[in-house]
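Protein sequences appear in the order of chains P and S. Going by this note's numbering, the first sequence opens with residue 1, and the numbers climb by one from there. Going by this note's numbering, the second sequence opens with residue 1, and the numbers climb by one from there.
The set of hints was computed from the structure by calculation and includes no laboratory data. Among the clues, some could well be false.
A pair holds if it fits inside one copy or across any two, identical chains being indistinguishable in the list.
[Claimed, not checked] Taking lysine-lysine and the DSBU-like style, the derived pairs with C-alpha atoms no more than 35 Å apart in a straight line are: (1) LYS224 to LYS210; (2) LYS173 to LYS224; (3) LYS185 to LYS338; (4) LYS210 to LYS342; (5) LYS210 to LYS91; (6) LYS34 to LYS342; (7) LYS165 to LYS224; (8) LYS165 to LYS59.
Note that the structure is a prediction, hence the values are computed from the model and not measured.
Number of protein chains: 2
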Amino acid sequence: IDEHDKRFIVSTLQGVNPADISTLLLEFSTEDSKYVLDILDNETSAEVINDLDEDIRAKFLKNFESAEIATMLNELDSDDAVDIINELPLKDREEVIASLDNREKADNILDLLRYEEDVAGGLMAKELIKVNENWSVKQCIEEIRRQAENVEKIYSVYVVSDTNKLIGRVSLKRIILADDHIQVKELYEDDVIAVETYMDEVDVAEIMRKYDLESVPVVNVQGKLMGRITIDDIVDVITELAEEERQMMAGISEDVEEDDSVWMLTRARLPWLIIGMFGGLLGAQFIGVFEKDILLVPAMAFFIPLITATGGNVGIQSSSIVLQSLASKSVFDNSFVKRMTKVILVALLNGIVIAGIVMGMNLILGQDLTLALVVSIALFGVVLIASLMGTITPLILDRFGINPAIASGPFITTANDLLGLLVYFSVAHLLYSNL
Amino acid sequence: IDEHDKRFIVSTLQGVNPADISTLLLEFSTEDSKYVLDILDNETSAEVINDLDEDIRAKFLKNFESAEIATMLNELDSDDAVDIINELPLKDREEVIASLDNREKADNILDLLRYEEDVAGGLMAKELIKVNENWSVKQCIEEIRRQAENVEKIYSVYVVSDTNKLIGRVSLKRIILADDHIQVKELYEDDVIAVETYMDEVDVAEIMRKYDLESVPVVNVQGKLMGRITIDDIVDVITELAEEERQMMAGISEDVEEDDSVWMLTRARLPWLIIGMFGGLLGAQFIGVFEKDILLVPAMAFFIPLITATGGNVGIQSSSIVLQSLASKSVFDNSFVKRMTKVILVALLNGIVIAGIVMGMNLILGQDLTLALVVSIALFGVVLIASLMGTITPLILDRFGINPAIASGPFITTANDLLGLLVYFSVAHLLYSNL
Chain P
1 IDEHDKRFIV STLQGVNPAD ISTLLLEFST EDSKYVLDIL DNETSAEVIN DLDEDIRAKF
61 LKNFESAEIA TMLNELDSDD AVDIINELPL KDREEVIASL DNREKADNIL DLLRYEEDVA
121 GGLMAKELIK VNENWSVKQC IEEIRRQAEN VEKIYSVYVV SDTNKLIGRV SLKRIILADD
181 HIQVKELYED DVIAVETYMD EVDVAEIMRK YDLESVPVVN VQGKLMGRIT IDDIVDVITE
241 LAEEERQMMA GISEDVEEDD SVWMLTRARL PWLIIGMFGG LLGAQFIGVF EKDILLVPAM
301 AFFIPLITAT GGNVGIQSSS IVLQSLASKS VFDNSFVKRM TKVILVALLN GIVIAGIVMG
361 MNLILGQDLT LALVVSIALF GVVLIASLMG TITPLILDRF GINPAIASGP FITTANDLLG
421 LLVYFSVAHL LYSNL
Chain S
1 IDEHDKRFIV STLQGVNPAD ISTLLLEFST EDSKYVLDIL DNETSAEVIN DLDEDIRAKF
61 LKNFESAEIA TMLNELDSDD AVDIINELPL KDREEVIASL DNREKADNIL DLLRYEEDVA
121 GGLMAKELIK VNENWSVKQC IEEIRRQAEN VEKIYSVYVV SDTNKLIGRV SLKRIILADD
181 HIQVKELYED DVIAVETYMD EVDVAEIMRK YDLESVPVVN VQGKLMGRIT IDDIVDVITE
241 LAEEERQMMA GISEDVEEDD SVWMLTRARL PWLIIGMFGG LLGAQFIGVF EKDILLVPAM
301 AFFIPLITAT GGNVGIQSSS IVLQSLASKS VFDNSFVKRM TKVILVALLN GIVIAGIVMG
361 MNLILGQDLT LALVVSIALF GVVLIASLMG TITPLILDRF GINPAIASGP FITTANDLLG
421 LLVYFSVAHL LYSNL
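Model the full assembly from the supplied sequences, consistent with the hints where possible.
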């Protein structure tokens, strides 16, 4: 296809969705892709670039001049443009912004660059449709027609006061259905839900999900309308958060995918493996203290995996249940004490069942009674401790602003392995020395 | 508040968002809540009910007559109404549907009930705005005004042929901006993305995310327009899928939350704990075979947790990376062989680093050279096997239509514990018997 047959390429890609072209480009070399993008019109190639994966886009953009990037950014909404600028090397950013010939767009972008990427201000776009409360429906429709040229999708029309304070919203449907001479003042609903520029993206997502919003206006501390966040950005936020959580639960320390390089994949996986390894070595040192007990009752060693595995499983279950509550921001009328009482009750139930079955199995299998007792008592203790650890750790991490998902990963397993061994060998030492 | 002061309650809740009333009701008794819902107008109480959590809603609806439920369903979109009907006990369903006085709504609901809940047909609503290709803009606007009364939010206006085949879409913006006499035929875009009624919800979500759609039309096999799916439903799907995955990764077998009963929480957690327990007992039996080796070299027992923990960590990392690929449906030009080559390369790198550090540490700590060798060789083997297992298992599960997230949970840890012990003791047995 790439024998530089411009007309053929253009006609083939005519009408193809930019998202599909992006997928297609993944199979081309960077050079060929640039060639294709060059001959497509600016709007299409801007959208294709916008739909690419972050790391692939970074590779692509290295081959473009600042002026070329600027031309494409001109075609994008300010929020997408800012995302792309944020991915550029620092030295290129100013050059690209300086090359933007649309001054308004450049100002918008500079404005948005002030915000962190993970707060409402970093998600919002400046493009929106707003009307003044004192306008008539006729004026509105004219204004909306004018403004609509810059706005890709109209969701809500925001109503502002003379000082640009957000005071309400009115649906396009309502404006269309209304008579021309009515004033916006009589038409708008004042129960508009807005978020502040510095609200965390997780909270914004939760608000939009709770109230089923497709877009939410963003206001600053003075209540002035600064921009709007659309649901497609929130879908991306939710998807990314789920990915991040999955990686944390699996003990992967960087954002990697299967098609990243061997080196990147190794680098992302080693840190937690090494932490787990040191945990294992510490465990070895610890069991070493009880070498004499093991020589006396070698069967004690048999149940080490049972103890550590149970501790790990219980710990992860507990922390993931807390994670669920934290993620859905469900209201807790429960006090900390009530919460803990429940955790302990569940742990007691689980512990009794597990310890009971193991006791029975060990006796059936003809294991020594004392050892069977040691194992079951230790298991019961491990279930209890792992439940408490698994519940408290994510709560503490969350309090300190650390992503609590980390508590469901190798961290909790390693900690519980060590605690489990401590309990097991303590119980064993006590029971055996008392016999 | 609840001294039956109707006027006070109504005036207080006036203008409060239904989603907020739902949250408020959680703190009331079921009886008080019913009282509040009874005095609110039908539309508001329908939305409040719609915003409630599934299990709480089920409790609430037990106190309502079929006719009362039907009145509320009348106010909801057909997709939400169907969700609520699906939660009712079988015997009540027909009664509620029979009580619906709006025949069109009842037909729509009966139609939607035919679909599974997790396919496009089960997510879609029948309410949508459609225009015939042969209409003029003026006719369209009139029709849209009429249809808009039943449709909560207009996203796209769908264009159909005389036989109700979906042939394109036209934005409301475009209709407003166009002259009255133009025909839809000249205005609409024919590159509309649609999904078929039996498409899986995961695929629908991915399509809407990829193309940044706020709504997608649903067609049957003949291409006829059946309904539309809106982005708020997809946000719920994505959130639920993430929750489901979190639970599977944590080995929780039912959809539970922290505020469920102690009994439910226990029931959700026990199955995997018991499976893990049997794994542990099997491991104990297995180590028992090597009792003599342990008596000879008790230090061998020290490293059991290191071996099992490393196997577990590597296994979960590997499977979660595959999970990521499966979730994002990323295109793989990679063949199975390429994929495996990469997995093995990463495993080799990780294995060498981990085995190397452990070797060094063991020598520094004055451990016996043979044992140090055994542990390092076994670790290397465990990293390799756990990587392969962790990669292949989710792929196989996915092939058989089982949620591959289960492979990142206790399943993989238990399997890897056993495999790890097998490798460790085999290596030890070999090396020691050869010395």
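Worksheet entry | In rising order, the numbers of the hints this structure does not comply with | Hint check: 3 and 8 fail, others pass.
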